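Generate the whole structure from the sequences, applying the supplied hints.
According to the working numbering, the sequence shown is numbered sequentially starting from 35.
Incorrect hints may appear among the rest.
[As the list claims (entries may be wrong)] Once the Cα atoms are required to be at most 30 Å apart in a straight line, the calculated DSBU-like pairs of lysine-lysine come out as:
#  : residue 1 : residue 2
1  : K219      : K431
2  : K109      : K331
3  : K431      : K371
4  : K166      : K331
5  : K69       : K142
6  : K166      : K109
7  : K445      : K461
8  : K371      : K219
9  : K69       : K219
10 : K331      : K461
11 : K445      : K431
12 : K142      : K371
13 : K142      : K219
14 : K69       : K371
Quick caveat, the hints were computed from the structure, so don't treat them as lab data.
Because the structure is a prediction, the values reported are computed rather than measured.
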Amino acid sequence: IPNLLQNLFGEGALSASFIPVYARLRAEGEEDEAKRVAGAVAAILALVVSALVLLGVVATPVIIDLIAPGFEGEKRLAAIALVRIFFPGAGFLVMSAWCLGVLNSHRKFLLSYTAPVVWSAMIIAFLLIFGKREDGYRLAEYAAWGSVIGSFLQFAVQLPSVMALNGALKLGTGSGSTHVREVLKNFGPVAISRGVVQISAYVDQIIASFLPTGAIAAIGYAQVIYTLPVSLFGMAVSAAELPEMSSATGSIEEINAVVRRRLEAGLERIAFFVIPSAVAMLALGDMLAAMLFQHGKFSGDDAVYVWMVMAGYATGLLAVTMGRLYSSAFFALRDTKTPLRFALLRVAVSTALGYFCAIRLPSLFGVDPSWGTAGLAAAAGVAGWLEFILLRRGLGKIIGATALRASLAWKLWICAAIGAAIAWGVKLLLASINAAPF
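Printed below as a string of structure tokens:
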């Protein structure tokens, strides 16, 4: 539940609305106004998040009863207590996202993206310290407190660098500033988009619950691998390019030329890493799943099942990662509504097509219902391509046609296929001598 607060107000939404305005002001030499905007956004964010955290803590029993009506007695009380602990931590993580926005605008990426290590370290530390003498609910409670302290430290370690870059923050609501109003206006569509995507993930879980036992777990395992290149390459390149594209100044033609050049360079960097990743998931997903998860009760058959789901997601991996960069280009141009419209359409298509492919299609073809899990993932891939095509076409009408160089794409696909073929041969060789676990 607190994660919903973080997703709606955190890094993605805040970066998309704040960085374009802040970075453009700095590029135009309006440092004082940029500092005023940063201070106003921090003050407004702190007020809103504090109110939501307080409301969340007070309303936790009602929220738990709505989303988990089956929880009763001690189980319900434990859930209420844990959620109440997590809420303040989510607030600190949102403020940490504000620090990230400022640091990224100054091209200071290392601290903002290594700070979450502190959050993870605190949870691990609490588990190590109390894990030997506590178990069950008490251990979960200690882990929750570790999360809260880690969230505060994640914010605290970034704040000195932000202060060093901006000096004394000029806190205030900035009600008279057109730039602050622009940040707030652009924030709404992005937050809605994040919320819709979050709801879509819940809907996918509901659809998967109608599939054979193990479907939800297989989706979870597959997403662990699938989201790795999305985060490492898609999100990383998009985050680095957003302040660069936002800093473009000059005439409309000059700004469009800069955005187009940065966008196409970013597409090449994404493709260089993502195309081999997608081919590896398609051709060698069972090996990846076996190497990462095959221990305990996780069997070779489970690895193959996860591979099926992973292959479905892999069909849309390139589109999803490049689509993030196109969305960043829209954000840099101060347009957050167009990506929202396309995100809504993607979610609608993914839900409808996912239901058909997961529930209806297996029976039509007379195949095992477990294949519906792969169909659900493939539907997300198809919807990702639809969103990417719409984003590229929409942006092309503004800045001119953009695309990944065909010659580079072909080289990457061919090289990735050759590498996968060699790995496949090694896999078959190991299997023939009973040396492989899959």
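Right, here's what the structure says about each hint:
Of the pairs offered as hints, the one joining K219 and K431 holds, with about 23 Å between alpha carbons and a cut-off of 30 Å not exceeded. The straight-line distance between the Cα atoms of K109 and K331 is roughly 27 Å, inside the 30 Å bound, and the hint therefore holds. Annotation: proposed proximity of K431 to K371 holds, straight-line Cα distance about 15 Å (limit 30 Å). Between the alpha carbons of K166 and K331 the distance comes to roughly 24 Å, so the proposed pair stays at or under 30 Å and holds.
The suggested pairing of K69 with K142 holds, with an alpha-carbon distance near 16 Å, which does not exceed 30 Å. Only pairs whose Cα atoms come within 30 Å are accepted, and K166 paired with K109 is accepted, the gap being roughly 23 Å. The suggested pairing of K445 with K461 holds, with an alpha-carbon distance near 24 Å, which does not exceed 30 Å. The suggested pairing of K371 with K219 holds, with an alpha-carbon distance near 10 Å, which does not exceed 30 Å.
Note on K69 and K219: the hinted pairing holds, with a Cα-Cα distance of about 19 Å set against a maximum of 30 Å. Between the alpha carbons of K331 and K461 the distance comes to roughly 22 Å, so the proposed pair stays at or under 30 Å and holds. In summary, the hint linking K445 to K431 is supported, as the alpha carbons are separated by about 29 Å, within the 30 Å threshold. For the hint linking K142 to K371, the alpha-carbon distance of about 28 Å falls within 30 Å, and the restraint holds.
Between K142 and K219, the direct Cα distance comes to roughly 26 Å. Compliance with the 30 Å bound is thereby established for this hinted pair. Proximity of K69 to K371 is assessed by CA-CA distance (about 26 Å); at most 30 Å being required, the pair is judged to hold.
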